[in-house]
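Given next are the chains, with one letter for each unit.
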Amino acid sequence: MSRLRIAAFIAVLGPGILAGLSDDDPAGITTYSILGADHGYELIWVLVLATAMLILYHAIAVRVGAVTGQGLAGLIRERLGVRTAFAMTTILIVANLGTTAAEFAGIASALGLAGIPRGISVPLAAVGISWLVIGSQFKRVEHVLLILAATLGAYILAGALAGPDWSAAARGAVVPSLSLGRDDVLVITATIGTTIAPWGLAFIQSYAVDKRLRPQDLSLERIDVVAGAVLTGVIGFFVVIACAATLHATGRSIEDARDAAVALEPLAGAWSARLFGAGLLGAALLAVAIVPLSTAYSVAETFGTESRLDDSFGEARIFYATYVGTMTIAAVVVLIPSVPLVPVLYLSQALNAILLVPLLVVLNRLSGDTQLMGEHANTAVIRILAWSATLVLLACVLALGFVSLT
Amino acid sequence: MSAPILACTIFGARVAIEGASERVTDLGVVREGEAWRIGAVRTHRRELLFTGWEDGRLSAAAARGAIDAVWLREALFDRQIVDLDGRRVIRVGDVVLRADGGRLDVVAVEVGAAAVLRRLGLVRLAARLEPQLLAIDRLHVPSAAAGPLLLDAQRERFEQLETETVTELLSRLPVPVAEHAVRESRHRAAVARNNKSRRRRRRYPRATR
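Residue numbers (the numbering used here), protein chains in the order written: chain A, 29 to 434; chain B, 23 to 231.
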C-alpha cells in the first residue's frame, strides 16, 4: 500500500468500525457471555455466521449511502413515501429508547463494579456524551468514538488471560453443531439478532453520508466495513472463550455481562475480571453515543431536514432535540427504580425483531435498483447472498417468536 | 388568479373522463417554456390528457399513444433539494398549484414539517406551523428518475456553472441518469468523460489508484 493509499484509507475509516463495534454493546456482551458459559466452545460458529452477515449488510448500507447521498430513512421516504418512512422511524424511536436504556444500565453495571452508584454514573455519561455530540465537530466526535471503540480490545486480553482451549475454540468456530432445544434456539437467535440491528443499519448509512463518502471511496471503505465487522466478531469470540474456559468449565451460569465480570475473578484472576469490566464500560459508552444518533438521523431525514454532526444546534434543531430527548428519556428510565427495566428491554428487542426483516427487504431492493444505484447496484452474487441472509434472519425472528410464545 | 391548491388534495379525488370518473393518482407536467403546466393525469388504470380545472374538479380525456410528461410524484415529491455546494437543504413535502383560466400551473413546492404532518393526517398540528414555500423556478430537476433537485440552478445558471462543479454535483447520479441530465448542456462532453473514467474505475478498481 502506498503512503497516499494509507492516508486515503485513514480518511474513510470510521463507519464500519463504529457501527460494527457498537454492536458489541452490553446486550451483545451478555449474549456472548451466556453463549460461552452455557454452551462452551460449541456454538462459536454462530458468531462466524453473524459476522459474515454483518459484513454483507454493512457493506450494502454504506454503498447505498455513498452512491445516493441519502440516509436510510430519507431514501425510504423518497422511494416508498412519507407514511412508510414515518412508520419505520416511529418503531425505530421506541426500539432505540429501550436499547439506549439497556446501554445506560450497562454503564451503571460497569461503574457499579468500581463502587460508583448509578445516580452518578448514568447522568454523568448522558451529559458527557450529549455535550460531545452537540458541541463538537464531526472529526472530534469520530476520534473520541474510535478511542472508546479501542477499549473493547480489553476483551481480547481478558479472553487470552482466561487460558482457553484454543483447539476446541477453533473447532467450534468451523464445525457447526446444533440441537433444536429451546435454549439453543434462544441463544442462536439472540446472537444473530444482537449483531445485526436496525439501528446499526440506519446509523451506518446516514453516518457514511455525514462523512461525505463518495462512490469513488467505496473500494477503501470496504476494508473499513470488513475490519469493523471482523473485529466485532473477534471480540465476541474472545468473550465466548473467556466464559467457556472458566464459567462453562466449572458449570456456572450467569444472567448478564456484570455477572460474568464478577464470576471471572476467582477463576481467571483479578486482571481478567477488571479488563472484562473495562470492556463493558467502553462498549456501553460507545453504544450509548451511537444508538441515539441513529434515531436522530432517521427523524431528521423523515422530516426532510437532513442534518450533520458539523451543524450547530440552531441549524439542526430536530436532529439534536431528538438526540437529547432519546438520551434523557432512556437515562430517566434507568434511574427511576419503579420503572421495570426488563419489560422495557423485551419490548425494544421485540420491536427490533419486527423492524429488522422489512428493513433488510427494503435495503435489498434499494441496493439492487439500477435506476437508483447505476453501476453500483448489487451484482448477482451479492443479490443471492443478501436474500439468503434475509431468509436466515426471517427464520431466526420466527423461531424466536415461536419459542417465546410456547 | 385563484387561491393556491396543494397537489396532495387532488390525489385521490375523482377526475371526470367523458361521462365517467376515476381516482387521480398523479399529475403530469408538460413543460411549455418556463411554465410548469399540468398536461396529464394518471389514474390507477391509465394515463389521460388533462383538459381542464373548473370549480375544484379535474377533467381529462383519453390519450392516443403514450404521454410524454414529468410526473409530480416521481420528479418532485419527497425528493431531496441540494444547493450548489452539494449541501442537503430540505425535502419536498407537497407541490403548490395555481388555477388560471381552466389551466393548472405548478408555482412552488412546499418544504418543511407542516407538509409532512399534513400528509400523515395530522392536519390540525400542521396548521399551527408556518408553511415554507420555494418557487418552482428556483429548482432545477436534473433527472425525473433519481438524484437530488438543485436549488437556485435554473437552466441558465446551470450552464454558467464551472464544469467541475457540475461534474461533482452529478457524480452521485447513476451514469445513465447523469448523462441524461446534461444531454442538451455544454457540460455534456465533460460529464461523459468523467462517467467513462467512473466505468473504468468500477471495472479495474486498483489500476487507477
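Bear in mind the hints are in silico, worked out from the structure with no lab data behind them.
Please read these numbers as outputs of a predicted model, since none were measured by experiment.
Beta carbons are placed, not taken as given, at the ideal position from N, Cα and C, and that holds for glycine.
Errors might be hidden in some of the hints.
What the hints assert, rightly or not - Under 7 Å between C-beta atoms, here's a sample of chain A residues computed to sit facing chain B:
{"hint": "1", "residue": "Ala35"}
{"hint": "2", "residue": "Phe37"}
{"hint": "3", "residue": "Arg105"}
{"hint": "4", "residue": "Glu106"}
{"hint": "5", "residue": "Val110"}
{"hint": "6", "residue": "Glu334"}
{"hint": "7", "residue": "Trp415"}
Verification of the hints:
1. Using the Cβ-Cβ criterion of 7 Å, the hint placing alanine 35 of chain A at the interface with chain B is not satisfied: the shortest such distance is roughly 12 Å.
2. At its closest, the beta carbon of phenylalanine 37 of chain A sits 11 Å from a beta carbon of chain B; the interface hint therefore is violated under the 7 Å criterion.
3. For arginine 105 of chain A, the interface hint holds, since its Cβ comes within 7 Å of a Cβ in chain B; the closest pair sits about 5 Å apart.
4. Below 7 Å, beta-carbon pairs count as interface contacts, and glutamate 106 of chain A has one with chain B at about 5 Å; its hint therefore holds.
5. For valine 110 of chain A, the interface hint holds, since its Cβ comes within 7 Å of a Cβ in chain B; the closest pair sits about 5 Å apart.
6. Interface restraint check: glutamate 334 of chain A against chain B, minimum CB-CB distance 4 Å, threshold 7 Å, status holds.
7. Taking 7 Å as the C-beta cut-off, the interface hint given for tryptophan 415 of chain A is violated, the closest approach to chain B being about 22 Å.
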